[in-house]
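J.: Here the protein sequences come in this chain order: A and B.
Sequential numbering from 1 applies to the first sequence in the numbering used here.
Sequential numbering from 1001 applies to the second sequence in the numbering used here.
Be careful, since some hints might not be right.
[Stated by the list, open to error] Covered stretches of chain B (chain A as the covering partner; in silico rule of three or more C-beta atoms under 8 Å from a C-beta of chain A): (1) 1169 to 1183; (2) 1405 to 1416.
[Said to hold, decoys possible] Computed far set for chain A versus chain B, every beta-carbon distance over 12 Å: (3) Pro57; (4) Gly136; (5) Pro146; (6) Ile213; (7) Tyr245; (8) Val247.
No lab work stands behind these hints: they were computed from the structure.
Nothing here was measured: the structure is a model prediction, and the numbers come from that model.
Where is the CB? At the ideal position from N, CA and C, for every residue including glycine.
Each chain, written out:
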Amino acid sequence: MRPPSYWPFVVPALVVVLAIIIFPWVFTIWMSLNEWKVGSPTTFVGFSNYLRLTSDPRFIEAIGHTLVYTVLSVVLPLVFGTFAAVVFHQKFAGRGFLRGIFIMPMMATPVAIALVWTMMFHPQLGVLNYLLSLVGIPAQLWVFHPATVIPSLVLVETWQWTPLVMLIVLGGLAAIPAEPYESAQIDGANLWQVFRFITLPLIMPFLFIAGMIRMIDAVKSFDIIFAITQGGPGSASETINIYLYSVAFTYYDLGYGSAIAVVFFLLIVLLAAVMLYARQRMVWTEIESGA
Amino acid sequence: MADHKISRRTLLTGTAAAGALSLTGLPARAEVNWKKYAGTKLEVILAKGPRGDNLQKYVKEFTELTGIQVESEQIPEQQQRQKCVIELTSGRPSFDVVHVSYHVQKRQFEKAGWLADLTPYMKDPTLTAPDLVESDFSAAGLQYAKNDKGQMLSLPWSVDYFILYYNKELFQKKGVAVPKTLDEMVAAAEKLTDPKEGTFGFVGRGLRNANMTLWTNFFLNYGGEFLDAKGNILTDGPEAIAATKLYQTLLTKVAPPGVAGFNWMESMASFTQGRSAMWIDGVGWAPPLEDPAASRVVGKVGYTVVPAGPKGQYSATYGDGVGIAAASKNKEAAYLLCQWIVSKQQGARLLQAGGGVPFRNSILNDAEVQSGVKMPKEWLQSVIDSGKISKLGLPVVIPVAEFRDIVGAALTATLSGADPATELKKANDQYRPILERSEKA
């Protein structure tokens, strides 16, 4: 049979996909099956890199850190971003200007703001402890203590990415028709009820998109953590990504690093699948309850 | 025309070389033919910092002297190390001359055979000026530059000793004397700590990996050795435990809060703001401490050697050098550049600006060079004294980064109250297989 006539037009796309998506993946999987140290010969070792992962305490800890960091840096921006969107959706004087100010953190370079935050966190000289002292709260150790390092990093992440959630939710709010609000007003619903039973369900699809984007960004977050703590103190803020970087580019253990990358990828796929599944389920229940 | 202009400096370099030659009293030897490789183009990869600045600032003089064009690039240290390794592994590096960080890369570069052997060039009088001889480099420098076959694989460029910085004003206020031993240092730090005023006796690196460079000062002074004769790691023995206990005491009892996350930057910030009375770190920090725009302790800083421990007095030593990629096609021209980089004139400029300390004794001991040093005299004295008690600050193994990370994490853990002996034992158990794997490969 003759190949279909559109065939030649597919070739460029196929080549690009093969070269920049499929090939690196296959190659990463291949590297993960080898003992591959820069400067030494490589040997095929099968799944032993993966077996090593199961008994590597640093890797197991890193999974925990990644999950905590991700959950916090998805939930907090979603909550604050939604709140900010509801506020900025109202009409008031200077709204455009304030919105502009509010989205500024998002435009800054993460590494640059990370360095500024590092000095703001300094327990002796940082401005944060000074501000706390004004209201009588004792000095905190922020990123300089294992127990508070992840919440402090999430603070930076939240500060930077709340505006993104706000923008997405604002788009959602703009698309909501006015009628449901009018009928709610007639029925005497209070502000919270209006938000809970009208606004929230209607912006849910937008929140899911924002949540998904945040999740993918947070789970692979690197710049802020690396620039502020490099995974420290000790390894208290070492996420999978930071550990992966150390293994591959500081220890030059490419085989083991690739194994981490493969497992990390599976974890991201799993998280994304859970979110997609939750979204679909929710849409169904909505339709059912609506019917 | 520019071609015919002879600058004063070119003339001086030439006559200095010729003069030195005549002093040897030997029958006429061949002179260095600086112009032999004129027209060659060299690529240099540098770690960002005062050494790189010093090279780039004056490299035109080298081009005037030799006719060799030099393209150089400064990259932040961590990234520069990675880029070099990746390019050298590829077999076709984009650079001829490479800035090597000895304490991290020595073993790795030697084992992979990435650097050209400079020994034959050093013996060739048409390539090497008579004042550049092996014996002029300090012992630590030679230890770093030579492999176990005695080949020079690089030229030692700048050495980094760890010294004790102290705040004279705070010392005076509390009537404390400058400590001569580690025990005295703890006692002094206790007296100098005043949490109500927000001042502390001691500050230093607590952050994992970075903290190893501080800890080894204690380890060496408690008589520690990194490896036994068979190459096994020894950092869980009694010396290591004692050193860690001292480290734990200093960083938990008399150091500012949050020190477990401090690298040199946060430590320096605390010291320059007058919030910490003592700081042990590399000699290279004097310029920012004496810069009125960046420091509140200008003119109040004392400089001295690391206090003695019960088993001796050593200054943990690190350093960097310049080598030539084995794959380079312009090795002789590259060698001329390396030679110029570690030359007396360039070394003197580096020392005088406080940006580094040359490994060459003829530079360090030269009265004229010394008189041009812009940093306080005490600083220079601490450099010279440290040179006499210098000892390599990290084990010479391939997986240095893993060593620093793993043992460094154990040290950081002790700052939250973990037991030093248990943590060190755990770290060694974790590190030993990594070391064995890398040495076997």
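J.: Tell me, which hint numbers fail for this structure?
T.: Failing hints, ascending: 1, 3, 5, 7 and 8.
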